[in-house]
Amino acid sequence: MPKLIDHSGERTGDPWITYAGDAHAIPAGACVILPLTEFREFAGTWKNHAKALGVLLSPSDNLELIANDLDKLRLIAIDFPAFTDGRGYSLANALRSRYGWRGELRAVGDIQQDQIYLLSRSGFDTFALRDDQRANECVAATDDFTHAYQWGADRFGARPGPQVRYGA
Amino acid sequence: MYRYTEFDQSIVDQRVAQFRGQTERYLAGKLSEDEFRPLRLQNGLYVQKHAPMLRVAIPYGLIDTRQLRMFAHIARKYDRGYGHFTTRQNIQYNWPALDRVPDILADLASVQMHAIQTSGNCIRNTTTDQFAGIAPDEVVNPLVWAEIIRQWSTIHPEFAHLPRKFKIAINGARTDRAATLVHDIGLTALTDQAGNVGFRVAVGGGLGRTPIVGVVVREFLPWQDLITYLEAILRVYNLTGRRDNKYKARIKITVKETGVAEFSKRIEEEFARTQSGPTRLTRETVEAIGARFTETSYLPLPQDDAGVVTLAASNSEFARWLKRNTHAHRVSGYAAVTLSLKRKGVPPGDATADEMDAIALLADRFSQGELRVTHEQNLVFADVEKRELPELWRELKALGFASTNIGLIGNIIACPGGDFCSLANAVSIPVAAAIHDRFESLDYQFDIGELDLNISGCINACGHHHVGHIGILGVDKNGEEWYQVTIGGAQSIAINGSETARIGKIIGPSFARADVPDVVEKLIQTYLGLRERDDERFVDVVARTGIEPFKENVYAEAN
Chain P
28 MPKLIDHSGE RTGDPWITYA GDAHAIPAGA CVILPLTEFR EFAGTWKNHA KALGVLLSPS
88 DNLELIANDL DKLRLIAIDF PAFTDGRGYS LANALRSRYG WRGELRAVGD IQQDQIYLLS
148 RSGFDTFALR DDQRANECVA ATDDFTHAYQ WGADRFGARP GPQVRYGA
Chain Z
7 MYRYTEFDQS IVDQRVAQFR GQTERYLAGK LSEDEFRPLR LQNGLYVQKH APMLRVAIPY
67 GLIDTRQLRM FAHIARKYDR GYGHFTTRQN IQYNWPALDR VPDILADLAS VQMHAIQTSG
127 NCIRNTTTDQ FAGIAPDEVV NPLVWAEIIR QWSTIHPEFA HLPRKFKIAI NGARTDRAAT
187 LVHDIGLTAL TDQAGNVGFR VAVGGGLGRT PIVGVVVREF LPWQDLITYL EAILRVYNLT
247 GRRDNKYKAR IKITVKETGV AEFSKRIEEE FARTQSGPTR LTRETVEAIG ARFTETSYLP
307 LPQDDAGVVT LAASNSEFAR WLKRNTHAHR VSGYAAVTLS LKRKGVPPGD ATADEMDAIA
367 LLADRFSQGE LRVTHEQNLV FADVEKRELP ELWRELKALG FASTNIGLIG NIIACPGGDF
427 CSLANAVSIP VAAAIHDRFE SLDYQFDIGE LDLNISGCIN ACGHHHVGHI GILGVDKNGE
487 EWYQVTIGGA QSIAINGSET ARIGKIIGPS FARADVPDVV EKLIQTYLGL RERDDERFVD
547 VVARTGIEPF KENVYAEAN
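These protein sequence lines map, in sequence, to chains P and Z.
Under our numbering, the first sequence has 141 at position 114, and the numbering climbs by one with no breaks.
Under our numbering, the second sequence has 115 at position 109, and the numbering climbs by one with no breaks.
Check each hint, because a few of them may be wrong.
[Said to hold, decoys possible] Dumping the calculated DMTMM-like pairs for lysine to aspartate or glutamate here, alpha-carbon to alpha-carbon at most 20 Å:
#1 Z:Lys36 / P:Glu164
#2 P:Lys99 / P:Asp137
#3 Z:Lys254 / P:Asp112
#4 Z:Lys36 / P:Asp158
#5 Z:Lys350 / Z:Glu293
[As the list claims (entries may be wrong)] Over 10 Å on every C-beta distance to chain P, these chain Z residues come out as not near it, computed from the model:
#6 Glu41
#7 Leu45
#8 Val53
#9 Glu164
#10 Thr197
#11 Val203
#12 Ile233
#13 Pro284
#14 Glu301
#15 Ala318
#16 Ala319
#17 Ala359
#18 Asn484
#19 Ala500
#20 Glu527
#21 Gly535
[As the list claims (entries may be wrong)] Quick list of the computed label-pair ranges, beta carbon to beta carbon:
#22 P:Asp96 / Z:Tyr10: 42 to 50 Å
#23 P:Gly127 / Z:Glu274: 17 to 25 Å
#24 Z:Asn251 / P:Glu68: 43 to 51 Å
#25 P:Arg125 / Z:Asp541: 27 to 35 Å
Calculated from the structure, these hints are not laboratory results.
All C-beta atoms, glycine included, are put in the ideal place defined by N, C-alpha and C.
Starting from the given sequences, assemble the full structure and let the hints guide the process.
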């Protein structure tokens, strides 16, 4: 289980389980994160089985495919297959600002300290860290900058980001 | 010159602290080579052949003398006593120690400078016309817009991990001196009939492996929409640019593979969704940033100065310098002056710490304490009183910066090449030196007239060889250095009455290093034979005749 943090510290007791092809591994009444294709095809079935649903997006996924189903979701996770793959930042921004997503937005995959500030500013509010990462240092990284030039999708999150010069 | 507020200062200071921490973690083995690479690149640090190389941003080429003295200080304290001014209006140090780089960045921050995003897959330093703000042919001063773009692009959270590097250039004059059409985004600031400022937007230009001239996607974008539109382009590129092959990852390939019409449609769709959002610029913002620029004060002076006219009549060397190295100014009685960093025996663009200090003294005396770095690797004093030109000329001559080769074959642009750069296939500096020596005679240079000769040591094209009237590219053939020659390239040339950029054409098989000066000589001789008027430039002749006559002459002997 990767360590999970938010802006205030490490989050213990994360209720979410990611479905990876074996339905028997998911107990009834669990909070389940489904890959996009699974969610699209079987959301109805899962809704009866699970307590709450989340979806896992890969960086190439088209957000239009979940645009009408956001009210069925309690969490959206975006995968970073490599920390240099920057597509997830644009997806997060679009979810927050264009689609109005206000629920939990979680960064998963190759997530490490030096991305945390940028991820946070793009609207992510929880971070599933790579195994070798230290939670306290990653939490501190959300405050790497107290001032920023650009508006960010963090304005929609639970915790405001740095002081912003433009578009605040 | 834009002066920082505490807000700006806080960002560069915290960036230094962030990078200090990252460097410490790397040196302690807590960050792998692969993890540290994008972090150090986005702070200007390359690992080169002999040592790390640090590239410091000179935003849109503008610096004051306090900053130039800091460059000199850094060259002395952390490097080998010199720096290299680059084709992207930056300065590079070739010998810093990795563990001292955070200290260098802290010294830079103390004079409102940084190395943020001078490398890596992010938005790079925005470049512009070296005569911005003072050129008589200027329609809109691009400096405030360049600063707005600098601020917007600095540590932009969404665009720090793009598929590949991203370069924006902006021009506000009738002649494009910023080579905007060979940038990922090229902006031309202009006004509509009502006098409103806006931008012509071109995307997908670039040099490198696949040289392409950018295509215009907006003829007139109102200034209020500038940042929103840039974000729309970057967002579409970030999501759809190729990440599977770094040679196909630049936006020019995305535009080509998607098709201009489709790519443009996607930008417009994204823009339509965000147009009324928080990135829309207000007059208040633009004015506030404009107000942070230092004011240049001008005296009421007559257009011509008698002393200058008299000296020019009696001293042909001064007359030549006036013709080549001084440039028209929009204010009566003022001129801009180019200091040539193209000197015999010195790599193009290099200056020592002592020279930087000496130049700083002169800029304080003659040009209101500010200067510019040009993409031709020279320096410009932008605000010189004409009556002081004779005195400035004497001072520059004494320092060796008065070579009258600006715009001529002696003004060779060259990347650092194989002597320093680990990407290079071949050396550039010795080739530049050999050509420089061959065409040392200034009479000959003046006879040849305007000619841009650009040399790159590899296909990445840092020496902008594609847009040289003569371009020379180092290539590797079975482990040996060879040189491919292109002609007819131009960063800005009038074709059928409109300005555009041109990519040079390859004349044929490449040459051994020793033969390059002869080849250039043959090209020049061919040109001189074909020239119909004295003011028909080399590049104009190539445009008129095509490359065939040049090709025939150069390869004649071999057949």
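Could you tell me which of the hints above the structure violates, numbers in ascending order? Hints 2, 5, 6, 7, 9, 12, 13, 24 and 25 are the ones this structure does not satisfy, whereas the remaining hints hold.
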